[in-house]
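Top to bottom, those sequences are chains B and U.
Here the first sequence is numbered in numbering that gives the first Met the number 0, starting from 0 and rising by one per residue.
Here the second sequence is numbered in numbering that gives the first Met the number 0, starting from 0 and rising by one per residue.
No lab work stands behind these hints: they were computed from the structure.
Ideal Cβ placement from N, Cα and C applies to all residues, glycine included.
A few of these clues could be false.
[What the hints assert, rightly or not] Partner residues are not named here, just some residues of chain U that face chain B (Cβ under 8 Å, in silico): (1) N94; (2) P95; (3) G98; (4) V99; (5) Q103; (6) L115; (7) R118.
[Claimed, not checked] Below, simulated SDA-like cross-link-like pairs (lysine to any residue); rule was C-alpha separation at most 20 Å, straight line: (8) K53(U) x G134(U); (9) K16(B) x D80(U); (10) K110(U) x P44(B).
[Claimed, not checked] To give an idea of the chain B side of the interface with chain U (calculated C-beta under 8 Å), a few residues: (11) I4; (12) S32; (13) N56; (14) P59; (15) A63; (16) K64; (17) P67; (18) A68; (19) Y74; (20) L79; (21) R80; (22) F89.
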Amino acid sequence: MADDIKPRIRVPQNPKKGEVIEIKTLITHPMESGQRKDAAGQTVPRSIVNALNVTYNGKPVFAAKLEPAISANPYMSFFLRVEESGTLAFEWKDDEGKSHKSEQKITLAA
Amino acid sequence: MSQARSLNRRTVMLTSIAAATALSQFAAATASATPDSAKELLKTLARGDAKEGKIAIRAPEIAENGNTVPVTVTVESPMTDKDHVKAIHVVADGNPNPGVASFQLTPLSGKAEVQLRVRMASTQKILVVAEMSDGSLWSGAREVKVTIGGCGG
Chain B
0 MADDIKPRIR VPQNPKKGEV IEIKTLITHP MESGQRKDAA GQTVPRSIVN ALNVTYNGKP
60 VFAAKLEPAI SANPYMSFFL RVEESGTLAF EWKDDEGKSH KSEQKITLAA
Chain U
0 MSQARSLNRR TVMLTSIAAA TALSQFAAAT ASATPDSAKE LLKTLARGDA KEGKIAIRAP
60 EIAENGNTVP VTVTVESPMT DKDHVKAIHV VADGNPNPGV ASFQLTPLSG KAEVQLRVRM
120 ASTQKILVVA EMSDGSLWSG AREVKVTIGG CGG
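In isolation and in its complexed conformation, chain U is listed as follows (with noise of 0.2 Å):
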């Protein structure tokens, strides 16, 4: 009890922090990713539309830190000459850029999977898409709640 009171009290004090962060960091930012921006640079990276699927996104379902959020990406595939993982884009859609990597495998990767720590301005989607060797794209996503964005650093 007295466990679950302490915490109610550390997330009003994050979030209040957060508040006059948001306030006096985020006020100039005009320019910022929707979940629509978000889509249209996955396909533009992808090349296509991705269908659901193969992709497990392991990150915080609440991070309270925004300015580094451990984000793994696992794709399924058995990364053989003939079958693997060419490329994994990520995005994410509550940035002021959607942008977040794209990383380039090879049958020599062995395990379809990358770890990487991502900024986050507030709470939002991370998107996910898989090109693999035969052209398919599969799709994944993952919402991350961000008590404090990481966006002014």
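One chain only, chain B, in its complex shape (with noise of 0.2 Å):
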């Protein structure tokens, strides 16, 4: 189940200096919610991403946080206020422990 996990960054191409741009994300994870029983009655552990870190050039811009009481493949959306052109970094983080990165180039309009 593992396997299959997989961020997608969604961004704008070509903003403008100083623009507020929406950042999408989603990564595909089944968020088990430690709720849930199989079709023999045991109950299938919680195994769901509990944090995403964002950077943009290495600082950080937005993190998060997450509960079971998000959905499978959790999607947010965030805001980014950006002055230069630069690599928007994501590091997503599951109970295993393992971690999932995936990056994104902005660049500003000439």
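With the hints in hand, could you dock these two chains into one complex?
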């Protein structure tokens, strides 16, 4: 189940300097809440993505701590004011202690 | 008129499915969040009591599928270095556990708005507290009616 975890990031292309842009992100993950029972009546153990850290050119810009009450395939959106071109780096952490990283470049409009 | 009728029929069907699912899946769930435990948790997360205001929560009035309820939280703030939102805590008072998510923002966010998708086991209130850079706390709440609970998956 842990093999098909895939982060996705969507940023607007070529924003102007100082523009506030919306960043959308989704990671494919079942987010097992630890409440569900399988066909045999056994509780499926909790397995969720519990944290997201986002940095822009190394500076932290957004962080989230997630609980089992977040839907499967967690989707989030937030805003970022871009003053310079750079790299937006996402790091997701799951209950197994694994991290899933993804990056997206933002280039300011000339 | 015919539209209203078909809507009614659908609602009735959904409700009966919800009842069946509730029986099979939630019967064993003993622990459950209450409005009090949700408020307690918010107090712990935000480390204090919050005043009402500054927060707008957008969510559907009636969510047919409790598995993914889109929620948008907006906090009134200029998001400057001196005056910005540091954190947004979201809890729900009718799930097995009250916690939903906590977000940390910076002046670089530019706009204090986050969107997320929440699981909701039943009709309940979403409670939000925002921590500002000056240390003040603001709270908001919104009820969402859930037709089919989204806890079993």
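Hints, verified against the model:
At its closest, the beta carbon of N94(U) sits 5 Å from a beta carbon of chain B; the interface hint therefore holds under the 8 Å criterion. Given hint, P95(U) at the interface with chain B, holds; its Cβ is 5 Å from that chain's nearest Cβ, closer than 8 Å. For G98(U), the suggested interface contact is upheld, since its CB lies about 4 Å from the closest CB of chain B, less than 8 Å. Annotation: V99(U) was flagged as interfacial toward chain B, and the flag holds, the nearest CB pair being 4 Å apart, inside 8 Å.
With its C-beta approaching chain B no nearer than about 4 Å, Q103(U) sits inside the 8 Å limit, and its interface hint holds. Interface restraint check for L115(U): the shortest CB-CB distance to chain B comes to about 5 Å, inside 8 Å, so the restraint holds. The closest approach between the C-beta of R118(U) and any C-beta of chain B is roughly 5 Å, which is under the 8 Å cut-off, so the hint is satisfied. Proposed proximity of K53(U) and G134(U) is supported: the alpha carbons are some 14 Å apart, at most 20 Å.
Straight-line distance between C-alpha atoms of K16(B) and D80(U) comes to about 18 Å, which keeps the hinted pair within the 20 Å bound. A C-alpha spacing of about 37 Å is found between K110(U) and P44(B), which places the hinted pair above 20 Å, so the restraint is violated. Among the interface hints, the one on I4(B) is violated; its C-beta lies about 17 Å from the nearest C-beta in chain U, farther than the 8 Å criterion. A least Cβ separation of about 7 Å between S32(B) and chain U falls short of the 8 Å threshold, and the interface hint therefore holds.
Among the interface hints, the one on N56(B) is violated; its C-beta lies about 10 Å from the nearest C-beta in chain U, farther than the 8 Å criterion. Because the smallest distance between the Cβ of P59(B) and any Cβ of chain U comes to about 7 Å, under 8 Å, the interface hint for this residue holds. About 5 Å separates the beta-carbon of A63(B) from the nearest beta-carbon of chain U, less than 8 Å, and the hint is met. Checking K64(B) against chain U by beta carbon gives a least distance of about 4 Å; that is within 8 Å, so the hint holds.
Below 8 Å, beta-carbon pairs count as interface contacts, and P67(B) has one with chain U at about 7 Å; its hint therefore holds. At its closest, the beta carbon of A68(B) sits 4 Å from a beta carbon of chain U; the interface hint therefore holds under the 8 Å criterion. With a cut of 8 Å, the hint placing Y74(B) at the interface with chain U holds, because the nearest CB-to-CB distance is about 5 Å. Because the smallest distance between the Cβ of L79(B) and any Cβ of chain U comes to about 6 Å, under 8 Å, the interface hint for this residue holds.
Interface hint at R80(B): satisfied, since its Cβ lies 3 Å from the closest Cβ of chain U, which is below the 8 Å cut-off. At its closest, the beta carbon of F89(B) sits 14 Å from a beta carbon of chain U; the interface hint therefore is violated under the 8 Å criterion.
The structure does not agree with the numbered hints 10, 11, 13 and 22 stated previously, though it agrees with the rest.
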